[in-house]
Each structure stands twice: as C-alpha cells, then as structure tokens.
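Protein chains in written order, with our numbering: chain A, 5 to 386; chain B, 4 to 258; chain C, 74 to 366.
Derived by calculation from the structure, the hints in this document are not laboratory data. One or more of the hints may lead you astray.
[Unchecked claim] To spell it out: a stretch of chain C is covered by chain A in this simulated footprint if at least three of its residues, at any positions, have a beta carbon under 8 Å from a beta carbon of chain A; those stretches are: (1) 244 to 258; (2) 263 to 271; (3) 274 to 282.
[Said to hold, decoys possible] Computed beta-carbon distance windows for the label pairs: (4) C:Phe254 - B:Glu155: 21 to 27 Å; (5) C:Phe254 - A:Ser20: 20 to 26 Å; (6) B:Leu17 - A:Ser62: 52 to 58 Å.
Fair warning: this is a prediction, and the values are worked out from it, not measured in the lab. Where is the CB? At the ideal position from N, CA and C, for every residue including glycine.
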Amino acid sequence: MADFLEFVNVSKSFGSLKVLDNVSITVQRGEIFSLLGPSGCGKTTLLRICAGFEQPDSGKVLLNGKEITPLPPHRRQVNTVFQSYALFPHLTVWENIAFGLRIAKKPKAEIQDKVEKYLDMIQMTDHAQKKPSQLSGGQKQRVAIARALINAPQVLLLDEPLAALDLKLRQRMLVELDEIHDKVGITFLFVTHDQNEAMSISDHIAILNAGRLEQMGKPAEIYEAPRTSFVAAFIGDTNFFDGVVIETKETEYSRLHIDGFVDVLVYNDKPKKVGDFVHLSVRPEKISIAHDEPAKTEKNHRNLIRGKVEDVIYLGANTKYWVRVGEYKIAISKQHKRFLLDEKPILWGDTVWLFWEADDSYMLDRYRAEDEQLLSLPSSVD
Amino acid sequence: MRSKIPFYTTICVLIFFYLPLLVLAVNSFNESMYGGSWKGFTWKWYIQLFHNQEIWNALQKSLLIGIAATLMAMILGTMAAFALHRYSSKLQFFHYTLIYTPMVVPEILMGMSLLLFFVALGIDLSLVTIFIAHVTFCIGYVALVVLGQLQEFDFSILEAAMDLGADWWTAIRKVLLPLLAPGIIAGGLLAFTLSIDDFVVTFFVAGPGATTLPLRIYSMMRKGAPTVINALSVILLIITFIIVFFSQRLRQSKP
Amino acid sequence: MKLSARKKLNEWLITLPSLTWLAIFFLIPTIGIFVIAFKPANIDGSVGSGWTWHTIFSMSDPNYPAIIWRTIWLTCVGTAICLLLAIPMGYYIARVSPRWRNYLLMLVIVPFWTNFLIRIFAWKVLLHPEGIVKQILLALNLVEPNTILLYNSGAVLLVIVYSYLPFAILPIFAAAEKFDFSLFEAALDLGANRFQAFIKVFLPNIKVGLISATLMVFIPALGSYIIPEIVGGPDGEMIGNKIAQRVFVDRNLPHASALSAILTFVIMIPMLVVLTAQKREETIPQKKVGGRP
Ligand SMILES: Nc1ncnc2c1ncn2[C@@H]1O[C@H](COP(=O)(O)OP(=O)(O)OP(=O)(O)O)[C@@H](O)[C@H]1O
Ligand SMILES: [Mg+2]
C-alpha cells in the first residue's frame, strides 16, 4: 500500500505556544487512522491544517503525492465532520446533505439520487425534512457524516465525532462508523482522546503528546511495544522500573539490578550489554498474583517475587491489586474465572506471590518521570 | 485568509459617524462663521452662549420636563414590566403591544395624534402637554429595560426573604427593588436623554412660551446663529458622553 | 376559585396605570387621526362638526403623489444603504475580541445618543457652500464651484443614512454575535468559497437581525420630518413636511390627519409582510414535527 496522506515535518505555533513540533505522519489509502492524545496536544490543529483552516509555520501536507498546503479549504478533496457537527440550522437534513453538491452545481437529478442514497445509508430517510434542532445527538452525527461523505472526498476528517454522545450511543456509533467506512472505502482520519475508541476502530494510530509525535503504528504494536513512557502510561496502565544490566544470558535475556526492588530477568527486545541503563514497562495484566507459590516451569525465565497487598479494587470484570515490594508499589490486574466458588480471595494485608515471564516486559526508548502521573493509582495513595 | 471588507467598512462608517461631530467641535473654537477655513482660535462663541439668557431658560424647562417625565415613566414603566413578567394573559399581550408600538411609530405621527387629541378636548398646549407626550414615549423604554433585568432575576430570592419572615411588601421593598435598581435607573437615564433630546413630538404639542432646549436650538438654527450652536453642541456632547459612560457602568455592574 | 379571582385583581391593579395612560394618550389619539380625517376644516383652523369625504378626495392633489413617491424611494434607498453598510460592520464587530467589541459598540451608540438636531445641523454646516465637504470636493475637482450640496434629495438621503445607521448596525450585530462561525468553516469545507459561504450560510442565519434592522430604519425614515426640513429644501420634501405644513402653516388639521393616515398605512405594509412571513414560518415546522402543541 502506498502512502496516501502525508504530513511532513509540520510545525505550528500560536504566539509563543508551540502547538505542533515537527510532526510527520503517513496515512495509507482506505484505512482508518487515529490521532490519539490528551486534551490540548494539537490533534485538532493538525486536522485543521489538513482541512486548510490553518497554515503550518513549516512543513507540508501531501495528498496522493501532491502538495496541498497552499490550497484554500474549498479546493481540497478533504471533508470534515466537526466536533460540534456544525450542521446548518437554517437548512433541513436533506438540504444539509445536498449542500456540497449544490455548491458544486451538480445536476438536480444527480443531487436527488445521491442525497436519497446517503439518507438511506444513515437511515434518516424519514427525517429528511427536519431541521437540525429537531434531531437527537446521534442523528445529527449521522447527518454530519453523510454531508461530508456525499462529496466523495479523498479523506474524511473526523474531529472527536463521538465526544458529545453518551457512553452507550458512543459505542453504537463507533460500530456504525466502522460499517460506513467499509461501505464507502474512503480514508478516515479520526481524532479522539479516548484510547478505547482508537484501539477498536483503527488500522493505525499516531500518539501525540504536547505537539510531538510519540509513536505511530498498529494498535497492538502500540499497546504491546510502547516506545516511550508516555505511550505506555497513556494507553492502558503499566509498571515502570529503572534498572542496570548486571548480567546477560544467552544474549536474549538480561538480568537487571533495580534499586529498591529485587533483581529481575528481562527479554532483550533491544541489544543490551552489561552496565546499560534500562527503563522497563510491565503491564499489570501480565503479572500473576497468587497465595501459593506457583509450580516451576521448564524454561526458567520467570520472575518470582513476594510482596504484601496494600490495596484491592474490585472492578467486576477484573480486580486491581497494588502490592508493596521494596520501595515499589506494583499494580496487578487479575481476571477471575470462578471468583465466588473456590478462589480464596486475596485481601488487604495478605502476603502473596507475584510472577511474570521475562518476555512480558518491554524496554522503553525514552522515559520521563512526569508520565508516571498518568498511571492509575488506588485512591488511598500514601 | 480573511476578507478585509468588513474592517474597512467599519473604519469608514466610524469616520462617517464622527467627522461631522469633530468638525462641529473644531468650529466652535473658530473665528470664522461657517467654518470653511480656520480664522483663528476663540472662546467668544462660548462666552456668547453663557450670556444667552434664552438658552438658559430653555434648558431649565427641558430639565424640569425631563426630570418629571422620567420619574413618571420610571414608575409606570416599572409597574408595566412587573405585569408583563408576572402574567401571561390576553390582557398582557394587549398591554405589551400598547407598550411596544409607541416606540416604533414615527415621532411625527405621535406628535400629530397628541396635538389632535389636545385640540379636540380643548386642552391648552403648555409644559403639561409636553410632559404628557414625553411620558407616553418614555414608558416603553423603561419597561423594556426593566423587563430585561427581571428576566435575569432569580425569584427564589424573594421567596427566601418571605420564608425568613418578611411580608411581601417588605420583600419587594428590601430585596427586589434594590436588586432591580440598576435596571430602573438605566431605564430612567434612557428616558431622560430621550426627553431632553426630543424635538419633533415636542414641537407639535408645545404651547406658546413652552420653549424647551431643542425648540430653542431649532429656532436659533433657522435664524442662523450657527456658531453659538456649535459651542452648545460641544457642551451637550460632553454631557452625553458622561451619561453614556455612567449608564454603561450601571449595565456592567448588574448583580 | 377565590385565589384565581384575587390573582386576576392583582394583575389588573398592576397593569392598569400604564395601560390607562397609553390607552388615553396613545391609542385614542392614534384612532383620532382616522376620525378627524373625515371631519371638515374651518377657516379659523378649528375642526368643524359633521362628516365629509372632501379631505380624502383632496389627497389626489397632483402635488402629493410626487411627494409620497419621493418619501418611499428615499426611505427604500436609505434602508438599503444602511443594510449594505451595517451587514459587514455588524459582522466585523461580532468577530473582534470582546474588549474591542465593547469599544466599537460604544462608538456606534454614542452618536445615536447625541442630540438629533445637532447631528443634522452638523451636516448642514458640512454641506454648506462654505463648508468643508464642498471645499474638499472642489479641491479634488469633483464638483463645479456653483454646485449646491445642500437642499436636495441627495442631502436628505445622506442624513437619513447618517441618522438611522446605528439602528441597523445594532440588531445585525446582535444576530451576528449569536452566529456560530464554525458553520462558516463547514461551508468552506464543503466546497463553498467565502462569498458563497457568506450568502448561503451567514445571511440566512442572521435573518432575524436583518428584519429588525430593516424595520428599525424603514419606519422612522418614512416619518422623517426634521431631516428634510433642515437639509432638504423644497426639492427634498417628504410626507412629514407636508403634515407639518398643514398643521403649522395652514392650520388644516383634517388635511394633516388624512396625510398621517396615509403614512400610517405605508408603515403597516412592511410590518404586515414581516408578520405574515413569520406566522408562516412558525406554522410549517410545527406541522412537520407533529404531536407537539
Ligand atoms: N486559534 C488559536 N489561537 C491560540 N491558541 C490556539 C488556537 N487553537 C488552538 N490553540 C492552542 O493550541 C493547543 C492545541 O489545541 P488543539 O485544539 O489542537 O488541541 P486538541 O488536541 O484538539 O485538544 P482537545 O482534545 O481538547 O480537542 C491548545 O493549547 C490550544 O489552546
Ligand atoms: Mg480538539
């Protein structure tokens, strides 16, 4: 697949505030690509640069290999679904959807046909003559999508299209959005700050933080192999460790010395030698927790540690534990299979065994201490 | 990216608004009579103005009518606003129409109809007829300004006051009126400037000797003493600026 | 039952003062205009007894249609110019930062609070043969030395625009301030250029402001009396001048009443147009929603 939409070294400042810092992103034809990041990180700004509402200070945007940066918005084959929908209040649903075709002076019959087709696709045929003020949130949303799609853009930009909807509706609309994407086959550039939305719908994700691209890749890559502490902490939850390599085993594994913790065995996803510094991320669900010491396995690449439970939060589908080991408070997430039947519940104050495979940890390229604030903590932090 | 037309229009319109006033102000210090050219600085038009007894008499009458009409309009307008806010019946629809229409009817029609009314009833034109006319066109302005403030007023405060033992009259006097005072005063200021300013209606209903300031200005304009009017205009302009400034302050200090 | 009777009484008590005042001093006099128009005039200037059609027929005096026509076209052109200036200006004021917005609004309001006569007088001074406008135009070679700027329809039109423009700017600004400017971007995004976005999205959405701006200029402009009186001369007379002449010069009140009645009808036309248009608009969507009272 060819690169289809490219942002090349895009930078943008508002006054002294640097909102985008040398961002390069490539989107492939026909995929759903998500821009994910915390509020204020510059997602909307990047989208507006793509739509032509803002000019980058430097860098360029290529569509199909051609630079579109100097084109005004109405000359780009890009359409937007706005965060607040921006439906025209003085026009009916039908007229809203027909707006782009009418501006393009398409023949009446063609407009009629297409509008009806799209009304049917979004299941709004019965509401065609209503004004936007008479629609529910989900209906407005669908009209906004149809209004943008009917112009057959090369790329559809969606700026947090689901943010204004309640949770249940959001999940339903997400499925609908995916179905619409399958039907029309247009490239979607989707902005969200909800990681679940991004993970479930996207082919690729770019994570932005404070105007910088942190990582770009498939959802599973980003979750399983986060490159920075920000990505690891922002997507899901994790445990961070700082250590020094004290021994390398069979070149594939290293033993780390971690201050205030026990030594652990890690898989070398990057080449390491003795004396190297390592920032490690271990996801809570990779760590097992038990009252009894687990049976030994064949390859002994497992880390086995004892600790004391300091917090327990029952969440239904799983339970979160925070276990004190040395100076560290380790987060663990456990799913229950037979919770009420024969599991002996792990309670506050219990001494437990923790264990995880060396292959389940991941070494970070970049670590910043402030990213730890993104981690979930028990309410009773001491 | 943005069009410059709105910006340039705004600048041109503002110049259009202020150029005449500026020329007037400059000419009030100009020796030359018609201000085609600058013939030197002088205070003499101001001095002439201060020695013009007719103007002072006219101003006195204008102030008298302005204050009386404003007070009356404030009372009637505030009550009207209460009625309009509190009730929504056919009567209030009629009431609202009656309050609203005098504000949109051209002044000449109002002056004409009041003149006919006074003539038909054989009432002699005097300061009193001017007072009546001014109250009539001021009520609506006071009522709408107070109504605007009532719509923002939280009536549960009134209930709270009654809950704390105040009877309704005390509640209105001690709670409602003080909170609404800025609105009533702003409405009153508006009414006062309208009254002081009015020429057309006054012209129709003024009797002999009941010469208000605008009537005096008009007759001076006809007789052609433009320079004294220039000086007077500058003084009135300054007063207007001060009033606008204070009423703006009042509006911003809404509770 | 007793409670609602009490409530009714309270309503009447608080409504009565303003209602009575306006009924006596506004409603009855206004109706009076239509009554007096059918009364004969006495030579001594009083209103005679009995009824007559004579005054109404005298409206066909060949002088009048020309003046009524001039009144209407001056008003229409004046209103159009006011709208043309007020739309971009209202748009601009709505788009600047709140601080600037307040200053600009003040600047628009202050001249409209200034004495009406003085504002007109200022133009008389400006347009005077020795006034500054004439001097400038002469210097630019735009007029002949003996062109008279004052005392014609053009001068009346200019001062009408000057006097009533703030009444157009304020409602248009109020509507533009409520306009959601992201709609503008949506239109651009859907392929409209800026001009199309302005016409197809901005204007329809500030319709309420446009209508009230039109009425706020049109109605007082129709009734203009003092503006043509001061800067108009015989060539710039409007209905208002005729009414005043009948009252103050000939003392023929029935005649003045008949003219006022005509003026009232002319004013009713745009108001009725707006009212019926609004009625129609209100009823259509309600039918489509269905069920809603
Ligand atoms: N027109 C502007 N002028 C000045 N600053 C701006 C402007 N637009 C955006 N910003 C600033 O740029 C930063 C990035 O804004 P942006 O809207 O791109 O964030 P975002 O990632 O979309 O956030 P959110 O998730 O809250 O929508 C913010 O700090 C914002 O305050
Ligand atoms: Mg955003």
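Okay, the hints, checked on the actual structure:
Only residues whose beta carbon comes within less than 8 Å of a beta carbon in chain A count, and the stretch 244 to 258 of chain C has 4; three or more means the coverage holds. Residue count for the stretch 263 to 271 of chain C with a Cβ under 8 Å from a Cβ of chain A: 5. That meets the three needed, and the coverage hint holds. Only when three residues or more bring their CB closer than 8 Å to a CB of chain A does the claim for the stretch 274 to 282 of chain C stand; here the count is 4, and the claim holds. For the pair Phe254 of chain C and Glu155 of chain B, the supplied restraint of 21 to 27 Å holds, since their beta-carbon distance comes to about 26 Å.
Between Phe254 of chain C and Ser20 of chain A, the C-beta spacing of about 25 Å keeps the proposed range 20 to 26 Å intact. Checked against the given bound of 52 to 58 Å, the beta carbons of Leu17 of chain B and Ser62 of chain A, roughly 38 Å apart, lie outside it.
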